[in-house]
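The numbering of the sequence shown is the numbering used here, which starts it at 55 and goes up by one.
One or more hints might be untrue.
Unchecked claim - Derived SDA-like pairs (lysine to any residue); straight-line CA-CA distance at most 20 Å:
hint: 1; residue 1: K244; residue 2: Y375
hint: 2; residue 1: K632; residue 2: N507
hint: 3; residue 1: K410; residue 2: N339
hint: 4; residue 1: K410; residue 2: A472
hint: 5; residue 1: K424; residue 2: S199
hint: 6; residue 1: K680; residue 2: G576
hint: 7; residue 1: K113; residue 2: K244
hint: 8; residue 1: K405; residue 2: G357
hint: 9; residue 1: K661; residue 2: T648
hint: 10; residue 1: K245; residue 2: D285
hint: 11; residue 1: K424; residue 2: L293
hint: 12; residue 1: K347; residue 2: Q423
hint: 13; residue 1: K680; residue 2: R641
hint: 14; residue 1: K679; residue 2: N579
hint: 15; residue 1: K370; residue 2: P331
hint: 16; residue 1: K661; residue 2: S496
hint: 17; residue 1: K679; residue 2: Y375
hint: 18; residue 1: K370; residue 2: P358
hint: 19; residue 1: K680; residue 2: N658
Please keep in mind that the hints were generated in silico from the structure rather than gathered at the bench.
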Amino acid sequence: MNFQLYKLSTFFFLLFTINSFAQDTLFELGVNKTLIAKYNKSIKEKNPEIFRKQKKQSKILLTLPFLDDFSQNWHFPNENLWQDIYVHINSSFPINPPSYGVATFDGLDSIGYPYNFMPTSYGEADVLTSQPIDLSVVTDSVFLSFQYQPQGNGNKPETQDSLRLEFFRQADSTWIRVWGKAGTSTQPFKKVMVYVGSDFHNNEFQFRFKNFATLSGNVDHWHIDYVYLNDNRTSADTLLNDVALITNHFSLLNQLTAMPWDHYKTDTIGLMREVMPVSYKNNFNITYDVFYKYEVSDNNGAGPVVEVYPTGVASKNAFAYSTLTEPQAVYQITPSFLNDFTFPTDNSTNKVFQIKNYFDINPFVDDNQKNDTVKSFQVFGSYYSYDDGSAELGYGIQGVGAKLANQFTIKKTDTLTAMQIYFNPIRDNISAESFKLTVWSSLNPEIIIYQQNDFFYPIYSFTDAFVHYELATPLVLPAGTYYFGYEKITAPFLNVGYDVNTNTRNKIWYNSQGTWLNPSAGIPNGSLMLRPVFGTTGDPISSIKENEIISDFKIFPNPATNYVYFEQIGKTQSLEFKVELIDMFGRTVVETLTTKANRIDVSNINKGIYFIRFINNINSQLIVKKVIIQ
């Protein structure tokens, strides 16, 4: 997919102009790889012949009432209510919606591809068509209501862009436009009431939403929520008797959204967040008492339940038309003890816990209980991550030799085997741009402890959102802080997915002019979608082929004063390794071979933190150890 995304909003144009010397900027996405991955799994494997074609849902005749708040389906609309799957059902693009989940309209088709790869193409984009609804026996006035928001966390629709609502008139088989809105910048969700006249009272009434947009990218966003059609309504019937969860938090960890299970077990308390913010909205005109709880279950939610909080019966007042964000204790023992939850540990190699947020209300049940519960999963796999898996924007750097890194603190010695990167295609021939995977132990001074000799190229995977880039030589890293990323070989922008629903911008570093900096002013908070992947510490180089030579080293004493001894361990011993002692400026202070010595004399070396690098000349295995000289 090679195309140029010319259409940038005014905000992004100004952002690029202001930061033209910084050489980092944001882009709207060229594709929605989350949809592509979901579509491949649900459609391609079952029906290869219709892959990359638009899918039409089967026809179902409905009766009133019709209600969808998009809280129950994910990625694609509910096929029992809607006939097509062009829109994207999600919770990451809207800002403060009336309930959890919206339908997002953009310039991409149902599987996340641009409708037209011509950069300046424009026209009808997404369509959301209801199933036929029987209005032949309605007794009173019929109204259709919904709420909409332009832009949200995405891209602003321009004034020539629009969102429209049409009714199908059965008498002459014509779609009639009954409402429309021109593009504008983000604003709170607005309610719309549309009267359904007698011309449309038939046994197969249908309505549809559509947007007009640039067709070459994930731009010109509109979000709709709470689509409700019923009779016995008036134009003043705008109230929703509903208290709804409007956010979902995917992690009980502090900053991290995922990490290896063995790493978590090194600091089960320190890695937990103190509180989890939970947001819900009262859409009605009375105050409700909300009795909230969250529940954590082991084994992908199959059980057992390992946590319920709070344990007692307590409520919060959700005042009329209010949005309440309430911090729920996870591991909070100061200034007063509230909760001390940590994930129960075992000898598994990985774990997945289900986190269920839910509530009851008083004085009585609201009209829509489906959005009173949302679920997510806490994954302990092979990688570290800050992002929630959804890219609303792309973060790019420009220039030959420009560097981008994501900072992580690794909790235990383990072997780095790969990096997972979510690249966003946004311009012509971007797949020809190249980079080198790089790992730094320090940015100031800059110390590279690993750099791939071979070039990599951006791959836009249509089976997984993240692309798995394996290291040519697995790298053993002791616990500590490292910077994982790449150095660009070519000049054009090479950008990575940017998740605006989490915020670790202080962990993002770029260097385009000789100085390492955090993202430029004006770039919104977010997280870089670049993840380091680790093997197991029991067999540190588990990804190397069976016939390759595997070794490791232990060093002692540490801290050291006179000598640092090293001992070769692993499957095969007595192999020759080059040994380098490297200072914090990246300079080699001492160099030797394991066949010549089993120690390094550090008696005349300045005190401080150093790295010992072991390099095998046969299989290019690289092992790095940290040592303190005092």
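Hints and how they fare:
Using a Cα cut-off of 20 Å, the hinted pair K244 and Y375 holds, with the two alpha carbons roughly 13 Å apart. About 18 Å separates the Cα atoms of K632 and N507, which keeps this hinted pair within 20 Å; it holds. Annotation: proposed proximity of K410 to N339 is violated, straight-line Cα distance about 27 Å (limit 20 Å). For the suggested pair K410 and A472, the alpha carbons sit about 32 Å apart, so the restraint of at most 20 Å is broken.
Using a Cα cut-off of 20 Å, the hinted pair K424 and S199 holds, with the two alpha carbons roughly 19 Å apart. Among the hinted pairs, K680 with G576 is inconsistent with the structure: their alpha-carbon atoms are about 37 Å apart, more than 20 Å. For the given pair, K113 sits about 30 Å from K244 by alpha-carbon distance, which is inconsistent with the 20 Å threshold. For a cut-off of 20 Å, the pair hint linking K405 to G357 stands: about 12 Å separates their Cα positions.
For the given pair, K661 sits about 24 Å from T648 by alpha-carbon distance, which is inconsistent with the 20 Å threshold. A distance of roughly 18 Å separates the Cα atoms of K245 and D285; the hinted pair therefore holds under the 20 Å criterion. Restraint check for K424 and L293: the C-alpha separation of about 18 Å stays at or below 20 Å, so the hint holds. Taking the CA atoms of K347 and Q423, the gap is about 15 Å. The hint holds against a cut of 20 Å.
Restraint check for K680 and R641: the C-alpha separation of about 15 Å stays at or below 20 Å, so the hint holds. Only pairs whose Cα atoms come within 20 Å are accepted, and K679 paired with N579 is rejected, the gap being roughly 34 Å. Simply put, K370 and P331 have alpha-carbon atoms about 14 Å apart, close enough for the 20 Å limit, and the pair holds. Taking the CA atoms of K661 and S496, the gap is about 17 Å. The hint holds against a cut of 20 Å.
Taking the CA atoms of K679 and Y375, the gap is about 57 Å. The hint is violated against a cut of 20 Å. Between K370 and P358 the alpha-carbon distance is near 28 Å, which puts this suggested pair outside the 20 Å criterion. The hinted pair formed by K680 and N658 meets the criterion: a straight-line CA distance of about 18 Å does not exceed 20 Å.
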